[in-house]
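**Student:** What follows is the residue order along each chain.
2 protein chains.
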Amino acid sequence: MTLAAARTDETTWVRRLIDDWAEAARASDLDGIMAAYTPDILSFDATIQLQFKGAEAYRRHWQFCLEMCAGPMVLEVHDLEIEAGDDVAFGHYLLRCGGTGEDGKEQVGWMRVTVCCRTRGDRWRVAHEHFSVPFDLASGKALLDLQP
Amino acid sequence: MTLAAARTDETTWVRRLIDDWAEAARASDLDGIMAAYTPDILSFDATIQLQFKGAEAYRRHWQFCLEMCAGPMVLEVHDLEIEAGDDVAFGHYLLRCGGTGEDGKEQVGWMRVTVCCRTRGDRWRVAHEHFSVPFDLASGKALLDLQP
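The listed protein sequences correspond, in order, to chains W and G.
If you read the first sequence in the working numbering, its first letter stands for residue 32, the second for the next number, and so on.
If you read the second sequence in the working numbering, its first letter stands for residue 32, the second for the next number, and so on.
If you are wondering where the hints come from, they were derived from the structure by calculation, not from laboratory data.
Be aware that one or more of the hints could be misleading.
Pairs involving identical chains hold if they fit within one copy or between any two copies, as the list cannot separate such chains.
What the hints assert, rightly or not - Below, computed lysine-lysine pairings styled on DSS-like, alpha-carbon distance capped at 27 Å:
| id | residue 1 | residue 2 |
| --- | --- | --- |
| 1 | K172 | K136 |
| 2 | K84 | K136 |
| 3 | K84 | K172 |
Modelling step: build the complete structure from the supplied sequences, incorporating the hints.
**Tutor:** Structure (structure tokens):
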């Protein structure tokens, strides 16, 4: 196999990792979500804390998020780009996400996501993740209504 | 050179890239800042827009930021961790940053930063960057006072 072909292969695996994670998140499947992460995952999430260190802390945070988002979840990965080496890779995408309010209306916004991955010969996992929305300098408010 | 030694070497180069970038940013040296980035840099910055595509757009944004932050700049890289492959790497750190107000008082806060790098045989550069602060779910306000 050529180097280029091997790299295409790794990119495909990282893409599948993100696809599987998104499917698990849409299904509120906590074990499926956590299967994407390394035990030493270091996460910068969009809300509450500066960082979450390790799978156990991140799992508790995800549980809180899933309980908060009752009802059908909107979670769409857009503009995903991946750069994969032999055993280190990164990807970034825009996430259209939210849920359905009690009035049945969709409440969705756009976030930015970066995923940093590694493989140790077995399968790729996310070792670092960064979710966020930008904020407005004047008001200090999160800009939840921006459109790509 | 063993593989482990080669990897240590690459990690050192990525660390130097971030050190040089930080030094340029502290000096408000726009050319020095931009030297860290690939021409196709895709940036998720903490403020204003969802994303900045390409070095030209990102340079304009940096120019705006530097003009906004008159006076001595605080910019400290903390808890930097790097994972480097042969030609793809990522790093994450907490950034203590801000400036000095007209009253001479420091106005600083903590941000989260992810840098995703590549090399094409010459030197490492940042191909993707993500700066952010988390926001409070209840108020929708950026949490600018969080401490690590």
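**Student:** Against this structure, judge whether each hint is valid.
**Tutor:** The hints, checked one at a time:
1. In this assembly of identical chains, K172 and K136 lie within 27 Å of each other by CA distance both inside one copy and across copies; the values are 23 Å within and 23 Å between.
2. In this homomeric assembly, K84 and K136 never come within 27 Å of each other (Cα to Cα): the closest approach is 35 Å inside a single copy and 32 Å across copies.
3. Taking the shortest alpha-carbon separations for K84 and K172, both the intra-copy value of 26 Å and the inter-copy value of 23 Å come in at or below 27 Å.
When held up to the earlier numbered hints, the structure conflicts with hint 2 and nothing else.
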